[in-house]
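Chains A and B, in that order, give the protein sequences. One point on numbering: in my numbering, the residue at position 28 of the first sequence is 28, and numbering is uninterrupted. So the number in my numbering is just where the residue sits in the second sequence, counting from 1, plus 198.
Since the hints were derived computationally from the structure, they do not count as laboratory data. Ideal Cβ positions, reconstructed from N, Cα and C, are used throughout, including at glycine. Please note that a few of the clues may not be correct.
[Said to hold, decoys possible] The calculated lysine-lysine pairs, modelled on BS3-like cross-linking and capped at a C-alpha distance of 27 Å, are: (1) Lys596(B) - Lys135(A); (2) Lys97(A) - Lys336(B); (3) Lys239(B) - Lys3(A).
[Unchecked claim] Some chain A residues flagged as far from chain B (calculated, every beta-carbon gap over 12 Å): (4) Ser30; (5) Thr42; (6) Glu50; (7) Asp83; (8) Tyr86; (9) Pro87; (10) Asp115; (11) Glu116; (12) Ile153; (13) Ser177; (14) Lys183.
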Amino acid sequence: MVKVYGLVVLYKGVTSATILKAAYDLQSFSFFQRSSVQEFMTFVSKTIVERTHQASRQSVKEGEYMVQVYVRADNLAGVLISDHEYPNRVAHTLITKLLDDFSAKVPVAIWQTGDETTIDFPVLPQYLAKYQNPKEADALTKIQNDLDETKIILHDTIKAVLERGEKLDDLVEKSNSLSMHSKAFYKTARKTNSCCNF
Amino acid sequence: MADEKQALVEKIIKDVHIVLSNTAELYAFDIVPVETNFRNKSPVMCIENCLGLESWCVKQVYLHSYTVLMDKMCFKTQRKSRQVLDSETLLRLLNVTLLINPDLSVLWNKRREMVQELLLDKSSELKFTRLVLSRKPKCNDAFAHRRWILGTYLNSHQINTMESLINTELSVCDLTADKCPNNYHSWSHRLWFINKLRNSIKQDDMHTLYIKEYNFSERWMSKHVSDFSCFHYRQFCIKNTYNLSNLSWKTFENSLDINFRKVLLCLLVNNFPKDMIIQASEQDLVSYSEENLIQFLLSYNNSCSCNVDSVSLCRKFEILCYELTLNSELLRFYKHHESMWYHRRFILHEIIEMMYDHFGLFRHNGVLVRKSCKYCKTTDLRQKQAKIIRSHGDCLYKSVLFQVIIKHEKSFIQERNDDNHAVRHEKYLKLIQGLNNLM
């Protein structure tokens with residue numbers, strides 16, 4: 001499957017990252033899981049952006065998903081959550097383009113203080129829809145065919161991104177942004193290893 | 199305490215039943231992870247036509263309904279049932295048990311019996327299996343149940359809403375294939391369904407359906423690049439288009455925004471072997487009739503004077519060449535996906551088989567031998583003279599189409615030489631298709 005599940009624009013502050021705008025495509029998840037899945041995407045995006053250095057790109061594989069992240073030198077960050085088959089290079093080109101458009105529309109001054117409700121960038125869902133077909137999206141951005149010199153760092157699991165001594169389970173447990181429901185969901189998924197549900 | 203628990207479980211089963219029978223358009227079922235019953239509320243939820251069951255009660259409910267079913271329904275014959283369940287209670291228990299664990303063939307068989315005794319309605323069975331599949335999209339028992347119901351439906355010829363039946367069935371397959379990648383059961387169900395329809399609807403409608411499925415599979419294929427079940431279905435669709443009638447072929451070509459002939463010619467012109475003096479340019483080739491084109495590509499004097507159906511042969515090559523270019527495009531874009539290479543093997547195998555067929559050749563002990571003409575049964579006398587066996591292959595190897603295909607494959611393998619699968623593809627062509635000395 002070639003699919004994009006979420007697109008998130010964040011601002012990487014000194015201690016933590018804040019979400020500036022996000023769009024999700026949750027159609028393929030079962031109805032009762034959607035809210036939890038969305039919370040998790042937000043949670044993972046924040047966690048990874050906080051652990052990515054300025055002016056660097058990372059692709060992190062986690063289960064059946066792939067999280068592509070790019071943090072610019074000016075602390076603006078973009079995250080694209082897709083599955084494995086989505087070509088990495090295309091994903092990163094798209095994030096670059098998205099962030100360029102975002103910084104052109106939204107003034108730098110409000111990045112630091114803004115949040116999802118105050119920032120006006122209504123085209124994100126359209127981007128999400130357009131990016132579902134990487135071939136078409138790639139054709140649109142042909143000019144940027146060779147990605148800037150920043151190298152994409154590949155990680156096989158989210159554990160590799162976390163700092164020493166950190167555990168995902170603990171982060172989930174401590175997090176305030178996840179609801180009780182989502183935490184229960186996370187635990188069940190861990191237990192049953194949700195990727196093979198045959 | 200035990201009584202209290204049982205009363206609760208029965209209440210839950212009843213609640214599920216109420217939702218099932220009152221909500222006509224239920225489309226999804228799921229178990230919602232909730233660890234404890236801290237709200238003292240019914241664990242059965244129904245939001246926006248989705249049925250949910252909180253996970254804390256699943257164990258008790260399942261244990262209860264399963265034991266009751268197994269004990270009292272004389273599934274085990276040695277235990278003479280003292281109490282026969284009425285069909286209403288039976289159905290409730292069956293529903294709940296199968297929703298939680300659909301892989302119980304015994305219970306599905308019980309449902310079949312009930313359908314035969316007219317205790318269950320066929321259309322509601324289709325809805326129920328759909329609900330089961332929404333949670334377990336790979337459940338073969340549910341698909342088998344659907345096939346059984348549909349089989350009785352289609353054999354009886356008593357449905358006047360064929361179109362909606364087809365649409366629902368295909369949408370169930372879309373849904374399950376989308377939910378779970380590499381869903382073999384869903385695709386084989388789709389294939390079975392299309393094959394089954396052949397006896398039930400008119401030929402024209404069937405051809406329209408073939409075209410629709412061909413276009414559908416193309417879209418699906420380009421978005422699910424490592425799902426071989428879907429590639430296999432695509433191959434089925436390709437084979438179906440071989441036999442389209444002239445009229446349907448026109449609609450088929452119009453439904454796609456590409457020109458088959460152009461794709462074929464483009465492939466030819468770009469890959470003409472260098473050592474061959476070809477007079478024809480692309481412009482010339484456009485004006486060729488099917489017969490001339492086949493003559494040009496596979497020029498060869500048959501020993502018998504049977505006519506070849508050039509039009510259909512030409513169409514087959516057009517379809518396959520289009521598929522080849524499509525596959526090359528996908529391989530260039532999505533790297534390192536094995537299933538697309540396997541699909542390429544299928545395409546080449548089809549093309550080569552078709553050429554063998556045209557020249558009346560078959561592979562015998564690794565050597566190409568001529569068989570008797572399949573139309574007029576003339577046997578070539580030379581066949582018996584083992585010395586000239588090679589020459590049979592030569593007429594194939596000299597044909598323009600064969601050389602073009604070989605050259606095209608060679609250059610593609612060269613282009614993709616950083617991919618390990620390309621090397622394996624070359625080996626396949628050399629060793630399995632026997633093109634060792636030619637590549």
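Structure-based check of each hint:
1. Lys596(B) - Lys135(A): violated (38 Å)
2. Lys97(A) - Lys336(B): Answer violated: Lys97(A) to Lys336(B) is near 39 Å, above 27 Å.
3. Lys239(B) - Lys3(A): The given pair, whose Cα atoms are some 37 Å apart, is violated under the 27 Å limit.
4. Ser30: It is violated; Ser30(A) is separated from chain B by about 4 Å at its closest Cβ, not greater than 12 Å.
5. Thr42: holds (19 Å)
6. Glu50: Given that every Cβ of chain B is farther than 12 Å from that of Glu50(A), nearest at about 27 Å, it holds.
7. Asp83: violated (8 Å)
8. Tyr86: Nearest chain B Cβ is 9 Å from Tyr86(A), so the label is violated.
9. Pro87: Its Cβ does come within 12 Å of chain B, the nearest being 6 Å, so this is violated.
10. Asp115: Holds: least Cβ distance 28 Å, greater than 12 Å.
11. Glu116: holds (24 Å)
12. Ile153: It holds; Ile153(A) is separated from chain B by about 19 Å at its closest Cβ, greater than 12 Å.
13. Ser177: For Ser177(A), whose nearest Cβ neighbour in chain B is about 18 Å away, the distance exceeds 12 Å, so it holds.
14. Lys183: violated (9 Å)
Consistency note: the structure conflicts with the earlier hints numbered 1, 2, 3, 4, 7, 8, 9, 14.
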